[in-house]
Amino acid sequence: MKRAVLVIICAIVGPVLLDRPIVEAQRGNPQPPRTPKAAAPIDLTGYWVSIVTQDWRWRMVTPRKGDYQGVQMTPEAAKVADAWDPAKDEAAGEQCKSYGAPALMMVPGRFHITWQDDTTLKVETDAGMQTRLLRFGNVQTPLDSARDKPAETRTWQGVSQAQWLTPRPNVPLQLRPADRAADAPPLRPTGGSLQVVTRNLRAGYLRKNGVPYSENAVLTEHWDLYKRPNGEEWLTITTQVDDPQYLRNVRLTAPMFKKEPNGSKWDPTPCSARW
Amino acid sequence: MGPDAVFGKVVEEHGMPRAHSQEPKAGFRIAVLIVATILSAAPAFAQVDLTGTWQRVGASDNGAAREPVDLLGMPLSADGRAKALSYDIAALSATERQCQMYPPIYAIVGPFPLQFVMVPDPVTQKLLAWKILGWGDRDETMIWMDGRPHPSKYAPHSHGGFTTGAWEGDTLTAVTTHAKLGDIKRHRGFSSDRATLTYSFNRHGDILTVTGILEDPVYLAEPYVLTEVFRLTTNPNNFPLTACEPIEELPTLHENPALVPHYLPGKHPAMNEMTQRYNIPLEAVVGGPETMYPEYRKTLKDKYVMPPPCKEGCGGPPPAAPPPPAGRGAGAGQPAGRGGAQQP
Numbered sequence: 511m512k513r514a515v516l517v518i519i520c521a522i523v524g525p526v527l528l529d530r531p532i533v534e535a536q537r538g539n540p541q542p543p544r545t546p547k548a549a550a551p552i553d554l555t556g557y558w559v560s561i562v563t564q565d566w567r568w569r570m571v572t573p574r575k576g577d578y579q580g581v582q583m584t585p586e587a588a589k590v591a592d593a594w595d596p597a598k599d600e601a602a603g604e605q606c607k608s609y610g611a612p613a614l615m616m617v618p619g620r621f622h623i624t625w626q627d628d629t630t631l632k633v634e635t636d637a638g639m640q641t642r643l644l645r646f647g648n649v650q651t652p653l654d655s656a657r658d659k660p661a662e663t664r665t666w667q668g669v670s671q672a673q674w675l676t677p678r679p680n681v682p683l684q685l686r687p688a689d690r691a692a693d694a695p696p697l698r699p700t701g702g703s704l705q706v707v708t709r710n711l712r713a714g715y716l717r718k719n720g721v722p723y724s725e726n727a728v729l730t731e732h733w734d735l736y737k738r739p740n741g742e743e744w745l746t747i748t749t750q751v752d753d754p755q756y757l758r759n760v761r762l763t764a765p766m767f768k769k770e771p772n773g774s775k776w777d778p779t780p781c782s783a784r785w
Numbered sequence: 016m017g018p019d020a021v022f023g024k025v026v027e028e029h030g031m032p033r034a035h036s037q038e039p040k041a042g043f044r045i046a047v048l049i050v051a052t053i054l055s056a057a058p059a060f061a062q063v064d065l066t067g068t069w070q071r072v073g074a075s076d077n078g079a080a081r082e083p084v085d086l087l088g089m090p091l092s093a094d095g096r097a098k099a100l101s102y103d104i105a106a107l108s109a110t111e112r113q114c115q116m117y118p119p120i121y122a123i124v125g126p127f128p129l130q131f132v133m134v135p136d137p138v139t140q141k142l143l144a145w146k147i148l149g150w151g152d153r154d155e156t157m158i159w160m161d162g163r164p165h166p167s168k169y170a171p172h173s174h175g176g177f178t179t180g181a182w183e184g185d186t187l188t189a190v191t192t193h194a195k196l197g198d199i200k201r202h203r204g205f206s207s208d209r210a211t212l213t214y215s216f217n218r219h220g221d222i223l224t225v226t227g228i229l230e231d232p233v234y235l236a237e238p239y240v241l242t243e244v245f246r247l248t249t250n251p252n253n254f255p256l257t258a259c260e261p262i263e264e265l266p267t268l269h270e271n272p273a274l275v276p277h278y279l280p281g282k283h284p285a286m287n288e289m290t291q292r293y294n295i296p297l298e299a300v301v302g303g304p305e306t307m308y309p310e311y312r313k314t315l316k317d318k319y320v321m322p323p324p325c326k327e328g329c330g331g332p333p334p335a336a337p338p339p340p341a342g343r344g345a346g347a348g349q350p351a352g353r354g355g356a357q358q359p
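Chains as they are written, first to last, in this note's numbering: chain A, 511 to 785; chain B, 16 to 359.
FYI, nobody ran anything at the bench for these hints, they're computed from the structure.
Where hints are given, some of them may not hold.
[To be verified] Have a look at the derived ranges for each label pair, beta carbon to beta carbon:
1) D592(A) / G220(B): 34 to 40 Å
2) P126(B) / N648(A): 42 to 48 Å
3) W785(A) / K326(B): 19 to 25 Å
4) Y169(B) / Q626(A): 34 to 40 Å
Quick caveat: nothing in here was measured; it's all calculated off a predicted structure.
Quick reminder that beta carbons are idealized off the backbone N, C-alpha and C, glycines included.
Could you build all of it, start to finish, from the sequences and the hints given here?
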C-alpha cells in the first residue's frame, strides 16, 4: 500500500513540479522551442504615446538648475548636478545625456516598437531619436563583465537583456476566486509581462537639469500591458534605477503610455541639452 | 471540482482504471491530502498573492504638490477646472466636512502604505475579496472577486465606493463605482460621484505597481491616469482608520456656521504662484487634457524661460551629519545621532 501511495504522489506531483515541455518530451511529443517573438505573451508592437500626468514640472519643461525635489541623491551627485552646464554638454557633443535608457521612457514623446528579428525588440523614440534594442536569450556582450568594458563601448542605451514573464500554470487554490456561478469556467492564466535589465550604460542625466546617473547604474524594468474593454491599450513600465554612487535608494518610477492607432503623430526631434 | 474529482482525473491521465477512484481507500486519501498540502503551499512563491503591507516607494510627485494651484497635467474639463479653482482647503474645517474622506484614487496619491488582506469565502475558503484597509482619511476598499455585479446606479454612494475585481493573468484589475465626490490630488481637482476608477495591480517580486485610470463625465475631459510603486514591507508605518470626531477648528466658522469657505471665479489668491516660481505659463498650470501630451511642449517652448537656480526647498542630499561628540560612546562605527540609515 505504501508503495502505491508513493507512486501516486509522484505521478500527481511530477507534472506540477516539472516544466510542462519536459513532461511532454518524455511522452514522445517533443516540441521545438519557440522564438521569443513567437512566444510573446503580450503584443507590445505599435506606436505609444507618453501620458504626462506625473512629474510634469520636471518632464515637460527643463527644470531650473538645482531643483532636485523627489530625487534621493548622494552628496556626490549633487556636486555633479550643481556643475550642470548645457553649453558644455553641447560643446562636448553630449546633447543626448538626458536621453539614456534610465531617463528615456520619462521623456515626453512617442515610441515605436517593432521586432527587429525573432529575438530582438526594437524601441525607437521620436524625442531624441534614440533606439533601444531589447535582446532575448544570450546577449553578445556578457552582462557580468559589463563593468570591465572600456568607457567607449558604453552607450546611452546600454545593453538590454529581455525576458518574458508568464503567469504560473497553476493558480494557487486559495487565490482562485470564489465564483458565484457554479458553472463558471476555470481560471486560465493568460498574459504576462516583459522584464528588461540594462547595463553597460554611458553616464547621463535622470533629469534634464543635470541630475546624474553613473555608468554603473543598473536599470530594471517591468513592462505591463493592460487592455480595457473599450479597446484602449495602456502600458505601464515600472522602472528601477539602482546606482549607489549617485542615488541613496533605488529610484522607482512607473511612466505610462497609451497605444495609438498609427504613427501619424510621430515627430522625430534630435536630442537637446536645453529643451 | 472537488478533491475526489481531481484525484480521479489524475488517475485517468496516468492510465489507471477509473474504478479504483470510486471509493478511495485510506492510502489514496493520504495521497490526495499530501498533494493538496503541496499545492496549497505554492502561494509562498506566487506572484499574485498581494497579502501584506506595501510601503509607498515611488519617486513621482503624486500628491506632493506644494502650490495650492497646481493642476499640471490634469485632464480637467471646464467644470473640473472651475471646481478646482473655487476650492478653499478651509472648507474641510466646516463641521459637516471634517469627516469627509478622500475618494478611492487616494490609495494612489495618498501618503500611507496599502495593507492588503485576503478575505476567504467562509465555506470554500476560496478568494472572496481583497480588502485594502483604510487609513485615517481613506475608507477601506473591498475588491469583490466572486463575480457579483455592481449595484444599481441609484444605490447609495460611499467614500470607498463599490469595487469588483478579476485576474487577468498575474494582474489584478478592479473597477470602483459608487464613490462620493472627493478631491483627487490633495485638494487640487475633484472627481464626482459619477466617476469610475479602474485599477491594475502588478506584482513583480516585492514590488507592486498600481495603475489607476479615473474617468469622470463631470470633472474630467479625458481619463486621468496615475501610477504608484510600492514595496512589500515588514516594518510598516500605518495610520489606521479610526472614528472621526468633528470639532470646531476655525473661529470664523464658529462665529458664522453657515460660512462655506471658497473662492469666487478668478479670485484664487494662489493662482499665479506656479508661474511666479517656475515661469510655467498659467494656461498650463490650470490643466486640461492637451497638457498631458508630448506635443504640448511645442506650445511652451517659446513661452518658457528657465528661472534662476533654486535656492530653497530644492530637495537634494540631506545635510551632512554633525561630527560625533567626543567622549564615551562615540567610537568608530557608531552612528552620529538618531535615525541611522537613510529611509526613502
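Hints versus structure:
1. D592(A) / G220(B): 34 to 40 Å: holds (35 Å)
2. P126(B) / N648(A): 42 to 48 Å: holds (44 Å)
3. W785(A) / K326(B): 19 to 25 Å: Holds - the Cβ-Cβ distance for W785(A) and K326(B), about 23 Å, lies within 19 to 25 Å.
4. Y169(B) / Q626(A): 34 to 40 Å: Distance hint for Y169(B), Q626(A) is violated at roughly 54 Å.
In summary, the one numbered hint that this structure violates is 4.
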